Amino acid sequence: MRKVMFTGIALLFALLLASPARAQHTPRGKAVDVSKAEIEATVQKTASAPVSDQQIRVLNINGDYNVGVGVVHRAKTAGRDVGGGVEHSQITEVYHVISGNGTLVTGGTIQNAKEIPADNQVVTVLNGPSTNGGPVMNGVSRKLAPGDVVIIPPNTPHWFSEITTDQIVYLVVRVDPKKVLPAGYGLK
72 MRKVMFTGIA
82 LLFALLLASP
92 ARAQHTPRGK
102 AVDVSKAEIE
112 ATVQKTASAP
122 VSDQQIRVLN
132 INGDYNVGVG
142 VVHRAKTAGR
152 DVGGGVEHSQ
162 ITEVYHVISG
172 NGTLVTGGTI
182 QNAKEIPADN
192 QVVTVLNGPS
202 TNGGPVMNGV
212 SRKLAPGDVV
222 IIPPNTPHWF
232 SEITTDQIVY
242 LVVRVDPKKV
252 LPAGYGLK
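Residue numbers (the numbering used here): 72 to 259.
These are computed hints drawn from the structure, not numbers from a lab. Values in this document were obtained by computation on a predicted structure and should not be read as measured data. Treat the hints with caution; some may be incorrect.
Claimed, not checked - Listed below are the simulated DSS-like cross-link pairs for lysine-lysine, each with C-alpha atoms no more than 30 Å apart in a straight line:
| hint | residue 1 | residue 2 |
| --- | --- | --- |
| 1 | K107 | K185 |
| 2 | K107 | K250 |
| 3 | K101 | K250 |
| 4 | K101 | K185 |
Said to hold, decoys possible - Label pairs and their calculated CB-CB ranges:
| hint | residue 1 | residue 2 | range |
| --- | --- | --- | --- |
| 5 | H167 | V211 | 31 to 41 Å |
| 6 | V122 | D190 | 31 to 41 Å |
| 7 | N133 | D237 | 36 to 46 Å |
| 8 | T148 | A216 | 16 to 26 Å |
| 9 | I222 | G255 | 21 to 31 Å |
| 10 | H167 | D237 | 14 to 24 Å |
| 11 | T235 | N131 | 36 to 46 Å |
No residue lacks a Cβ here, since even glycine has one placed at the ideal position from N, Cα and C.
Model the full structure from these sequences, guided by the hints.
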């Protein structure tokens with residue numbers, strides 16, 4: 072009985088010594104801010120363009136993966152196509168609508184799809200290897216409004232089939248586990 076009790080106490084003592092509460096804390100990373108003023112300045116810089124996708128910053132997270140933060144605005148183009156579909160093979164995008172309304176189509180297939188050249192800014196700065204083309208067919212349509220968030224995994228075609236206000240503006244967070252985006256981009 073004493074041997075079992077001693078073994079139990081020794082095991083408990085060993086667990087306490089090895090517990091995370093006793094482990095020394097090491098810094099895990101540094102938080103980075105992207106201010107409302109930076110976002111608004113980025114939108115204003117290209118406000119006259121029918122479509123603008125501006126990466127504000129790309130950060131490496133503890134050597135494990137990159138995260139990009141940017142702003143996209145798409146103007147309503149009366150009587151014209153809103154643009155073609157696109158899909159990114161290695162990046163997950165998270166859209167958070169800031170202003171405006173539109174219809175986003177995801178999934179399905181891109182008509183006349185073709186790879187975007189490796190030296191194109193879409194590949195080198197914004198999204199890594201990507202494919203674009205015509206409209207997305209047989210996808211899921213959803214109406215987006217301010218405050219809405221959509222998560223678009225890699226290899227998911229997506230396309231704004233309609234912008235119902237003057238423009239739609241959204242913050243885009245790009246999760247880059249394969250580190251294809253240029254870490255350090257946009258840092259001051």
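Hint consistency between K101 and K250 [alpha-carbon to alpha-carbon, up to 30 Å]: The given pair, whose Cα atoms are some 18 Å apart, holds under the 30 Å limit.
Consistency of beta-carbon spacing, D237 to H167, with hint 14 to 24 Å: The hint (14 to 24 Å, Cβ to Cβ) holds, given that H167 and D237 are roughly 19 Å apart.
Whether the CB-CB distance between V122 and D190 falls inside 31 to 41 Å: Cβ of V122 to Cβ of D190: about 20 Å, so the range 31 to 41 Å is violated.
CB-CB spacing for D237 and N133 relative to the 36 to 46 Å hint: At 41 Å between Cβs, range holds.
Pairwise hint evaluation, K185 against K107, where the allowed Cα distance is 30 Å at most: Distance ~36 Å between K107 and K185 Cα, so the pair is violated.
Pair hint K101 and K185, alpha-carbon separation not exceeding 30 Å: With Cα atoms ~39 Å apart, K101 and K185 exceed 30 Å; violated.
Range agreement (Cβ of V211 with Cβ of H167, hint 31 to 41 Å): The hinted range 31 to 41 Å is violated for H167 and V211, with Cβ atoms some 19 Å apart.
Agreement of K107 and K250 with the hint, judged by alpha carbon distance not exceeding 30 Å: Holds, because 26 Å separates the two Cα atoms, which is no more than 30 Å.
C-beta pair T148, A216: status relative to the range 16 to 26 Å that was hinted: holds, 19 Å
Supplied distance hint 21 to 31 Å, evaluated on CB atoms of I222 and G255: About 25 Å separates the Cβ atoms of I222 and G255, which means 21 to 31 Å holds.
CB-CB spacing for N131 and T235 relative to the 36 to 46 Å hint: holds, 38 Å
Checked against the numbered hints above, the structure violates hints 1, 4, 5 and 6; every other hint is satisfied.
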